[in-house]
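First residue of the sequence shown? That's 637 in our numbering, and the numbers climb one at a time after it.
Calculated directly from the structure, the hints in this document are not laboratory data.
Since we're looking at a predicted model, the values are computed, not measured.
Built from N, CA and C at the ideal position, the CB exists for glycine as well.
A few of these clues could be false.
What the hints assert, rightly or not - Distance windows between CB atoms, simulated:
id : residue 1 : residue 2 : range
1  : L742      : V790      : 22 to 28 Å
2  : G960      : E1120     : 22 to 28 Å
3  : N707      : D860      : 19 to 25 Å
4  : R1023     : P815      : 29 to 35 Å
5  : F891      : K841      : 25 to 31 Å
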Amino acid sequence: MSENNIINEQNAEQQAAPAETATQNAPVAVATAHDDFDWSVDKRNVSSYSREEKAKYDQTYDSTFKVIEENGLLSGTIVGITKTDVVINIGFKSDGLISLNEFRDLQGIKIGDEVEVLVVEKEDRDGNLHLSRKQARMQRAWEKIVEVYKTGEVVTGTVTSKTKGGLIVDVYGMETFLPGSQIDVKPVTDYDQFVGKTMEFKVVKVNEAIKNAVVSHKALIESDIEQQRVDIISKLEKGRVLEGTIKNITDFGAFIDLGGLDGLLYITDISWGRISHPSEVLQMDQKINVVVLDFDDEKKRISLGYKQLTPHPWDTLPATITEGAKVKGKVVNIEDYGAFLEILPGVEGLVHVSEISWASTPINAKEFFKLGEEYEAVVVTLSKDERKMSLSIKQLTEDPWSTIETKFPLDSRHKGIVKNITPYGVFVELETGIGGMIHISDLSWIKRFNHPSEYTKVGSEIDVVILGIDKDNRKLSLGHKQIEEDPWNTFETIFPIGSTHEGTIVKKDEKGATVQLQYGLEAYAPARHLRTEDEKPVAVEDVKTFMIIEFDRNEKRILVSHTKVWEQTKVEEKEAIVKEKRADADKTRKAVKTIQSKVEKATLGDLGALAELREKLKQSEGGEEKKAE
């Protein structure tokens, strides 16, 4: 309904009011329907409209208003600008206000410009229309982000700030998250370098519930790399030389970026010489040429070579390196059987343990050599075809065995150093390359050792006599006891069988005991010859008297007995008693004969005394015979 029609109806109501009052006051009231009132009757000059005209004007008025829904996007016109706000007309019954802060991205806005806004509330608490351009931009940006996520389209965004675990990227005016792992194919540690940069991204994840999106720059790089990888693999062939950049160095080799495809350069293919780590030759981000050694289409693995771009050192070996030549080399590998010396990068020779020293004593290569040390050697054998070389250190000096008989003749005496001890003997070095063994039996004339370590130790100096020379096997037989004369010739007269000597028990076992006699001589007493007179057991360090019961000069063996000492003493004591009684009997017999010779004529009394004396003599002789038995 038009504004004029509303005013006319209000005037008609006011004019009809007095008539109704007069009718009520009349004595007879006539009822008249309200709808039968003639609204066209007016004292003033007012226009009236027919029903058709009225409907037409109502439709025209209603068409000036738009259908407004909350959270809906509309296009509005700027109709006013204040110091703090922008007035927006969206065709509603009232205009809306939006803070100037939401237009910071638009420079030079003016009245008449159209902008897209979002209806937050048609009427807030104050009855005002609440609009937002910021929310409209975010809503439109989200719709675009969801669309490009579905289509896979590449978007452009600006990195605005750094956050925990990644970066914040403005895409279509909306903040999205770029994880650190999705920045580049290489690990990134410095995120600050990307802040403020405009880059291309791919939306890889959206969350409709919280309107959150994750973007990736790495996905675009990987996509490009994959295409480059396909192109490179299609052109790959063994022996092809490519240029690459070192992107990573490990203990076992280096990874080379071939422009979208990585290849592995093993440490053994970096240099013809031995290296302990690739960093000795290569550096990060260094550009180098490499040759394709092998590749696998399915696993997409490429094996590369660097040293193969230069000739093998054996093929360009200097003419000065020949058999018999002196060379210098660095120890690059040590094994039980010897050490490898690097003469030139990629050219190695083996020094076998037998070529280290002229000495016949075994040498441990791992104790003699140290990695990195330099040695001079003589080339013994050389084979360029097999790329093998044998070296010798000992041949730098003259073979001492060539003049062994002159310098170390038989029976000559020398001093040496104990180098090794075994259960059967002692190895002695007389000089470098010359040595021999003293058998355990040749250590002492008078002592028997269970092990040579009881007599000497490694590093000790010892006097020796040359007993034998085996030039072919490069061995000397040595003796130590031969420094002195054999004392057993003298011992035979000092310790005859049956003689007794004082000795100290130094060892004891179930079979017997070892007894220390004078002059440092050792004897052995079997267990049955250790029995004492009082039946008490003997102990180590007991000092007893022993009798020599056996003396073997050839075997250098003496047997002694303590039991026989006290047993023989008892026998001697008995023999002394018997001898004494026999002497007494002889005296009595002589006395009787003397008496008989003096008596001329015996009397009865004398006869009685004589008979008594004879009986006494007989008893004495009978007792001696029993004792003798």
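Status of each hint after checking the structure:
1. L742 x V790: 22 to 28 Å: holds (26 Å)
2. G960 x E1120: 22 to 28 Å: violated (48 Å)
3. N707 x D860: 19 to 25 Å: Given range 19 to 25 Å: violated, Cβ gap about 41 Å.
4. R1023 x P815: 29 to 35 Å: violated (53 Å)
5. F891 x K841: 25 to 31 Å: holds (29 Å)
Going through the hint list in order, the structure does not satisfy hints 2, 3, 4.
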